[in-house]
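Visitor: Counting in my numbering, the sequence shown runs from 1 upward without gaps.
It is possible that part of the hints are untrue.
[Claimed, not checked] The calculated lysine-lysine pairs, modelled on DSSO-like cross-linking and capped at a C-alpha distance of 30 Å, are:
#1 Lys-375 with Lys-454
#2 Lys-248 with Lys-261
#3 Lys-193 with Lys-203
#4 Lys-462 with Lys-430
#5 Lys-454 with Lys-513
#6 Lys-454 with Lys-359
#7 Lys-150 with Lys-229
#8 Lys-490 with Lys-462
#9 Lys-261 with Lys-374
#10 Lys-229 with Lys-135
#11 Lys-462 with Lys-49
#12 Lys-323 with Lys-364
#13 Lys-229 with Lys-170
#14 Lys-248 with Lys-170
#15 Lys-275 with Lys-353
#16 Lys-463 with Lys-512
#17 Lys-203 with Lys-248
#18 Lys-310 with Lys-275
#19 Lys-229 with Lys-203
[To be verified] Pair by pair, the computed Cβ-Cβ distance ranges are:
#20 Arg-212 with Glu-155: 44 to 54 Å
#21 Asp-501 with Lys-454: 49 to 59 Å
#22 Glu-285 with Arg-212: 23 to 33 Å
#23 Lys-310 with Lys-48: 18 to 28 Å
#24 Leu-191 with Gln-316: 30 to 40 Å
#25 Ala-338 with Asp-373: 44 to 54 Å
#26 Asp-373 with Val-334: 51 to 61 Å
#27 Leu-382 with Val-523: 36 to 46 Å
#28 Glu-155 with Glu-115: 11 to 21 Å
#29 Asp-373 with Val-498: 42 to 52 Å
#30 Lys-434 with Val-498: 18 to 28 Å
#31 Asp-373 with Pro-500: 15 to 25 Å
#32 Glu-155 with Leu-291: 31 to 41 Å
#33 Val-498 with Lys-454: 18 to 28 Å
It should be emphasised that the hints constitute simulated quantities derived from the structure, not laboratory data. Just so we're clear, the structure is a prediction, and the values are computed from it rather than from any experiment. Even glycine gets a Cβ: it sits at the ideal position worked out from N, Cα and C.
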Amino acid sequence: MKWGFVFLFLTSLLIPFGAVGQQSTVTLTNRETTETYHALQSQLETAKKHPVNSSQIAQAYLQLGEYYHILGLYTEAIAQYNSALEQLGPNFGEPLYIVLNNNIGKVYLSLNNFELAEKYFEQTKQASEQLKVDKGLATSLGLLGASHEKQAEYEDALQDQRRSLELFQKLGDNQGIAITNENIGSVYEDLEKFELAYEYFKKAYDHFQGSRTIEEINVLNNLGDSFRKRGDYQQGLAYTAKALDLAKELNDLHQLESAHKDLSKNYALMGNFEKAHEHLLVAEEYNSEMLRSQNYDQLNVLQTIYETNKKEAEIQLLKEQNKVSIANQNLLWVALFAIAVIFIILYYYMGRKRKATLKIQQYKHRMLKAELDKKAIEEQNLQREVQLKAASLSRYSLHLSQKNKILLDMSNTLRNMVSRKHMNTSDKIKELVKEIDFNLKQEGEWDEFMTFFKEIHPEFIKKLSALSENPLSPAELRLGMLLRLNLSSKEIASILRVTPDSVRVARYRLRKKLPIDQKDELVNFMIEL
Numbered sequence: 001m002k003w004g005f006v007f008l009f010l011t012s013l014l015i016p017f018g019a020v021g022q023q024s025t026v027t028l029t030n031r032e033t034t035e036t037y038h039a040l041q042s043q044l045e046t047a048k049k050h051p052v053n054s055s056q057i058a059q060a061y062l063q064l065g066e067y068y069h070i071l072g073l074y075t076e077a078i079a080q081y082n083s084a085l086e087q088l089g090p091n092f093g094e095p096l097y098i099v100l101n102n103n104i105g106k107v108y109l110s111l112n113n114f115e116l117a118e119k120y121f122e123q124t125k126q127a128s129e130q131l132k133v134d135k136g137l138a139t140s141l142g143l144l145g146a147s148h149e150k151q152a153e154y155e156d157a158l159q160d161q162r163r164s165l166e167l168f169q170k171l172g173d174n175q176g177i178a179i180t181n182e183n184i185g186s187v188y189e190d191l192e193k194f195e196l197a198y199e200y201f202k203k204a205y206d207h208f209q210g211s212r213t214i215e216e217i218n219v220l221n222n223l224g225d226s227f228r229k230r231g232d233y234q235q236g237l238a239y240t241a242k243a244l245d246l247a248k249e250l251n252d253l254h255q256l257e258s259a260h261k262d263l264s265k266n267y268a269l270m271g272n273f274e275k276a277h278e279h280l281l282v283a284e285e286y287n288s289e290m291l292r293s294q295n296y297d298q299l300n301v302l303q304t305i306y307e308t309n310k311k312e313a314e315i316q317l318l319k320e321q322n323k324v325s326i327a328n329q330n331l332l333w334v335a336l337f338a339i340a341v342i343f344i345i346l347y348y349y350m351g352r353k354r355k356a357t358l359k360i361q362q363y364k365h366r367m368l369k370a371e372l373d374k375k376a377i378e379e380q381n382l383q384r385e386v387q388l389k390a391a392s393l394s395r396y397s398l399h400l401s402q403k404n405k406i407l408l409d410m411s412n413t414l415r416n417m418v419s420r421k422h423m424n425t426s427d428k429i430k431e432l433v434k435e436i437d438f439n440l441k442q443e444g445e446w447d448e449f450m451t452f453f454k455e456i457h458p459e460f461i462k463k464l465s466a467l468s469e470n471p472l473s474p475a476e477l478r479l480g481m482l483l484r485l486n487l488s489s490k491e492i493a494s495i496l497r498v499t500p501d502s503v504r505v506a507r508y509r510l511r512k513k514l515p516i517d518q519k520d521e522l523v524n525f526m527i528e529l
């Protein structure tokens with residue numbers, strides 16, 4: 001690859017200013033154009049991945065912007081320059097800021113957008129004055145002068161170019177001095193002051209002579225123009241011929257077109273219209289070839305940019321898909337972790353709940369056991385109380401039996417005494433007998449007996465009455481109660497003041513009234529009620 005030509009192009013835009021308006025073109029092959037783009041793009045990507053500082057990335061954007069500018073892709077060029085400025089941020093003290101601002105102005109100048117071009121040149125001029133960067137200031141002034149010249153503002157153009165020349169002379173920058181002299185000569189040429197124009201062109205040529213560069217071709221063409229416009233056609237032809245030879249050597253289509261066009265004008269003024277026409281046709285061919293080459297390079301680079309952006313978009317899409325996939329995996333792991341945590345919490349909660357339930361059940365069990373124990377104790381107390389009352393009732397029954405027996409014996413004794421006629425106490429004994437008999441007939445003690453019995457056996461009388469086929473008499477009820485107390489017939493006879501035979505008869509009658517099997521005992525029946 002002809003890296004020398006490419007480097008020449010890229011570095012030419014770094015020169016503070018040149019012959020503005022005279023765009024140079026180096027013919028590159030399709031492969032060279034593509035390789036140059038890929039090399040610059042790779043340099044930018046490397047700077048992004050392994051940045052030493054922001055200026056390194058800005059420099060990479062700058063070189064890519066210059067490449068677009070050379071190819072005439074002005075929109076892309078400005079985009080790259082702005083990206084470089086973004087990398088610098090508010091750090092306007094960077095020398096790179098001055099270069100970038102000037103380059104943006106150059107793009108707008110190429111598009112004849114003088115207002116925007118001068119805006120950027122003025123910003124660079126002010127920044128250079130504040131930072132006291134003489135070279136940046138000289139460059140900005142030169143570019144402002146070129147803008148004024150294109151707008152036919154020649155006085156302003158000369159003023160800016162002269163200030164620029166003074167600064168370059170102060171700096172001892174021969175390259176800047178030569179280009180500024182050439183620009184001043186161009187202004188004088190527009191003013192048709194060809195003698196002054198020649199002087200400045202000659203100063204520029206003294207510096208570029210023998211350099212075999214595009215700048216030398218520009219000066220030779222300008223010298224030829226100055227002689228032609230003064231009417232010295234031979235001198236004009238000589239300088240233009242030199243420019244043509246050097247343009248052929250460098251294979252610069254724009255300079256070839258310019259040289260043939262100048263030769264056509266020169267021959268036309270000399271009256272040699274055939275040669276003038278011949279050179280004009282060649283100039284048009286070079287112009288067409290230059291346009292084709294430029295369009296081809298632009299299309300090639302745009303296609304390369306499109307393919308690169310497409311690949312980057314596909315890579316980015318794959319990255320995003322990979323991110324989504326990773327995000328889904330992470331989400332799945334998070335969900336699984338969350339489910340595991342929920343299960344652990346539920347297990348822990350259920351365990352706690354089981355323990356709490358078990359504690360509650362144990363507590364209820366203890367409470368129930370305590371209640372049962374309490375009821376058992378109460379039942380035992382009741383049983384003891386019943387036993388005590390039963391014992392009391394039995395004792396009371398015996399007491400009744402004994403009392404009645406005593407009373408009966410006393411009654412019999414007293415009767416015997418009364419039968420004795422020689423006793424004087426018969427009247428009184430009769431009264432005593434009457435009183436005892438009266439007491440024996442009282443039912444108060446039976447009422448008290450009934451109260452005791454109902455406390456111990458509250459449902460007995462109701463059940464017994466309900467089981468009887470016929471209504472039971474009070475005497476039968478008393479017999480039933482005494483049988484329930486498991487008293488013998490003799491004890492019952494004593495209590496009821498009847499003979500044991502009478503008790504057996506009463507038992508028989510009571511049995512007939514009750515639904516008792518012949519094999520069952522009456523006493524057992526009464527106890528089971």
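Visitor: Now, for every hint given, state plainly whether the structure supports it.
Guide: Comparing the hints with the structure gives:
For the hint pairing Lys-375 with Lys-454, the CA-to-CA distance comes to about 22 Å; that is within 30 Å, so the pair holds. For the suggested pair Lys-248 and Lys-261, the alpha carbons sit about 14 Å apart, so the restraint of at most 30 Å is met. A C-alpha spacing of about 16 Å is found between Lys-193 and Lys-203, which places the hinted pair at or below 30 Å, so the restraint holds. Annotation: proposed proximity of Lys-462 to Lys-430 is violated, straight-line Cα distance about 43 Å (limit 30 Å).
Taking the CA atoms of Lys-454 and Lys-513, the gap is about 22 Å. The hint holds against a cut of 30 Å. This hinted pair does not check out: Lys-454 and Lys-359 have alpha carbons roughly 45 Å apart, beyond 30 Å. Of the pairs offered as hints, the one joining Lys-150 and Lys-229 holds, with about 20 Å between alpha carbons and a cut-off of 30 Å not exceeded. The straight-line distance between the Cα atoms of Lys-490 and Lys-462 is roughly 26 Å, inside the 30 Å bound, and the hint therefore holds.
Annotation: proposed proximity of Lys-261 to Lys-374 is violated, straight-line Cα distance about 132 Å (limit 30 Å). A C-alpha spacing of about 34 Å is found between Lys-229 and Lys-135, which places the hinted pair above 30 Å, so the restraint is violated. Annotation: proposed proximity of Lys-462 to Lys-49 is violated, straight-line Cα distance about 110 Å (limit 30 Å). With a CA separation close to 59 Å, the supplied pair Lys-323 and Lys-364 exceeds the 30 Å bound.
Distance check on the hinted pair: Lys-229 and Lys-170 sit about 33 Å apart at the alpha-carbon level, beyond 30 Å; violated. Simply put, Lys-248 and Lys-170 have alpha-carbon atoms about 36 Å apart, too far for the 30 Å limit, and the pair is violated. Of the supplied pair hints, the one linking Lys-275 and Lys-353 is violated, its CA atoms being roughly 112 Å apart against a limit of 30 Å. Of the supplied pair hints, the one linking Lys-463 and Lys-512 holds, its CA atoms being roughly 16 Å apart against a limit of 30 Å.
Straight-line distance between C-alpha atoms of Lys-203 and Lys-248 comes to about 24 Å, which keeps the hinted pair within the 30 Å bound. Between Lys-310 and Lys-275 the CA atoms are separated by roughly 51 Å; this puts the pair beyond 30 Å, and the hint is violated. Using a Cα cut-off of 30 Å, the hinted pair Lys-229 and Lys-203 holds, with the two alpha carbons roughly 19 Å apart. Distance hint check for Arg-212 and Glu-155: the Cβ-Cβ separation is about 36 Å, which falls outside the suggested range of 44 to 54 Å.
The hint said 49 to 59 Å for the Cβ distance between Asp-501 and Lys-454, and at roughly 30 Å that hint is violated. Range check, Glu-285 to Arg-212: about 24 Å between beta-carbon atoms, so the 23 to 33 Å window is met. Lys-310 and Lys-48 have their C-beta atoms about 19 Å apart, which keeps the hinted 18 to 28 Å range intact. The beta-carbon spacing between Leu-191 and Gln-316, approximately 56 Å, falls outside the hinted interval of 30 to 40 Å.
Look at Ala-338 against Asp-373: about 51 Å separates their beta carbons, and that is inside 44 to 54 Å. At roughly 56 Å, the beta-carbon separation of Asp-373 and Val-334 lies within the given 51 to 61 Å, and the hint holds. At about 24 Å, the beta-carbon gap between Leu-382 and Val-523 misses the expected band of 36 to 46 Å. Checked against the hint of 11 to 21 Å, the pair Glu-155 and Glu-115 passes, with Cβ atoms roughly 19 Å apart.
A C-beta distance of roughly 48 Å is found between Asp-373 and Val-498, which places it inside the suggested range of 42 to 52 Å. Checked against the hint of 18 to 28 Å, the C-beta distance between Lys-434 and Val-498 comes to roughly 21 Å, which is consistent with it. For Asp-373 paired with Pro-500, a C-beta distance near 48 Å fails the hint of 15 to 25 Å. Between Glu-155 and Leu-291 the Cβ separation comes to about 35 Å, which falls inside the hinted range of 31 to 41 Å.
The hinted window of 18 to 28 Å between Val-498 and Lys-454 holds, with their beta carbons roughly 24 Å apart.
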